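*Asks:* Each position in the sequence shown, counted from 1, maps to that position plus 3 in my numbering.
No lab work stands behind these hints: they were computed from the structure.
Just so you know, not all the hints are guaranteed correct.
List of simulated lysine to aspartate or glutamate pairs, EDC-like, C-alpha gap at most 20 Å [unchecked claim]:
hint, residue 1, residue 2
1, Lys92, Glu108
2, Lys53, Asp64
3, Lys92, Asp109
4, Lys82, Asp64
5, Lys82, Asp123
6, Lys53, Glu63
7, Lys92, Asp64
8, Lys92, Glu132
9, Lys92, Glu143
10, Lys53, Glu108
11, Lys82, Glu63
12, Lys82, Glu28
13, Lys92, Glu183
Quick list of the computed label-pair ranges, beta carbon to beta carbon [to be verified]:
hint, residue 1, residue 2, range
14, Ala187, Arg155, 43 to 51 Å
15, Ala187, Arg137, 32 to 40 Å
16, Pro89, Arg186, 31 to 39 Å
17, Glu154, Lys53, 47 to 55 Å
This structure is a prediction, so every number in the text was calculated from the model and none was measured.
Note that beta-carbon positions come from the ideal geometry of N, C-alpha and C, so glycine has one too.
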Amino acid sequence: MSRRSGVLEFAVLGLLHDAPMHGYELRKRLNVLLGSFRAFSYGTLYPCLKSLVAQGFLVEDNPDVAYVPATALNGKRSKIVYRLSPEGKQRFEELLADSGPDAWEDEHFGVHFAFFGQTDRAVRMRVLEGRRSRLEERLERMRNSLARARERFDDYTVELQRHGLESVEREVRWLNELIETERANRTGRPGAPNGGPNTAVPPTTSDGRGQEDGSSDPPGPPYDRPGRSAQER
């Protein structure tokens, strides 16, 4: 299984763990969960759904079949509703508990973070610390590259590399805050004070994208950061 398909499988199982839904609704939720820059097409989603059904992780229901028969005459198609099987719930729990190196990478970390509200605290800590370690390694390489770029490239190329460096530095600061909060056990579930899953996606730094407005918040969509009330969010 490719890394991208693994991310999609995890996200699909996690969303269907909350409630059954049909493909169109699931696709909309995936685009919110993973961000518009990682939007998935039907051509990507439906093969994943069929594969999960074939593996026994999902079950297809067709509640409209008695009312909207799919025929060549009316041109209508019944909606298939997907729900987790017991095996699918077990598979989601296994993915949720994974705190190895794959969970620290850009796309995998985003999905893991989105489901932190359902993740054991010890697993959250391992994923956060692993992600920070991975980004600190990246920072060292980027700083060395920037030092060389100042001697070899024009000002615009240097600015692009500096922008990417600052984006990674912001995420490291954000991770430090989350780790400090976890260690102090002030909230127990960062970003999910009411026990619900956090669906915000953390910043992706592999391509250097991020905010430039000087905000202390990490780049990307709004975050349910620890210590912020629902009214503030």
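*Asks:* Taking 20 Å as the top limit, are the C-alpha atoms of Lys82 and Asp64 close enough?
*Replies:* The hint holds at about 9 Å.
*Asks:* Within a Cα-Cα threshold of 20 Å, do Lys82 and Glu63 meet the stated pairing?
*Replies:* holds (10 Å)
*Asks:* Confirm or reject the claim that Ala187 and Arg137 have a C-beta distance inside 32 to 40 Å.
*Replies:* With Cβ atoms ~23 Å apart, the hint is violated.
*Asks:* Are the Cα atoms of Lys82 and Asp123 separated by 20 Å or less?
*Replies:* Given that 20 Å is the threshold and the Cα spacing comes to 35 Å, the pair is violated.
*Asks:* Is it true that the CA of Lys53 sits at most 20 Å from the CA of Glu63?
*Replies:* holds (9 Å)
*Asks:* Does Lys92 pair with Glu108 here, judged by a C-alpha cut-off of 20 Å?
*Replies:* Given that 20 Å is the threshold and the Cα spacing comes to 24 Å, the pair is violated.
*Asks:* Could you grab the alpha-carbon distance between Lys92 and Asp109 and see if it respects the 20 Å cut-off?
*Replies:* violated (24 Å)
*Asks:* Are Lys92 and Asp64 close enough, with their CA atoms no more than 20 Å apart?
*Replies:* holds (17 Å)
*Asks:* Against the 20 Å threshold, does the CA-CA distance of Lys92 and Glu132 hold or violate the hint?
*Replies:* violated (27 Å)
*Asks:* Is Lys53 within 20 Å of Asp64, Cα to Cα?
*Replies:* holds (13 Å)
*Asks:* A range of 47 to 55 Å was offered for this pair. Does it hold for the Cβ distance of Glu154 and Lys53?
*Replies:* Holds - the Cβ-Cβ distance for Glu154 and Lys53, about 53 Å, lies within 47 to 55 Å.
*Asks:* Starting from Lys92, check that the Cα of Glu183 is at most 20 Å away, please.
*Replies:* violated (31 Å)
In the structure shown, a violation is registered for the earlier hints numbered 1, 3, 5, 8, 9, 10, 13 and 15, in ascending order.
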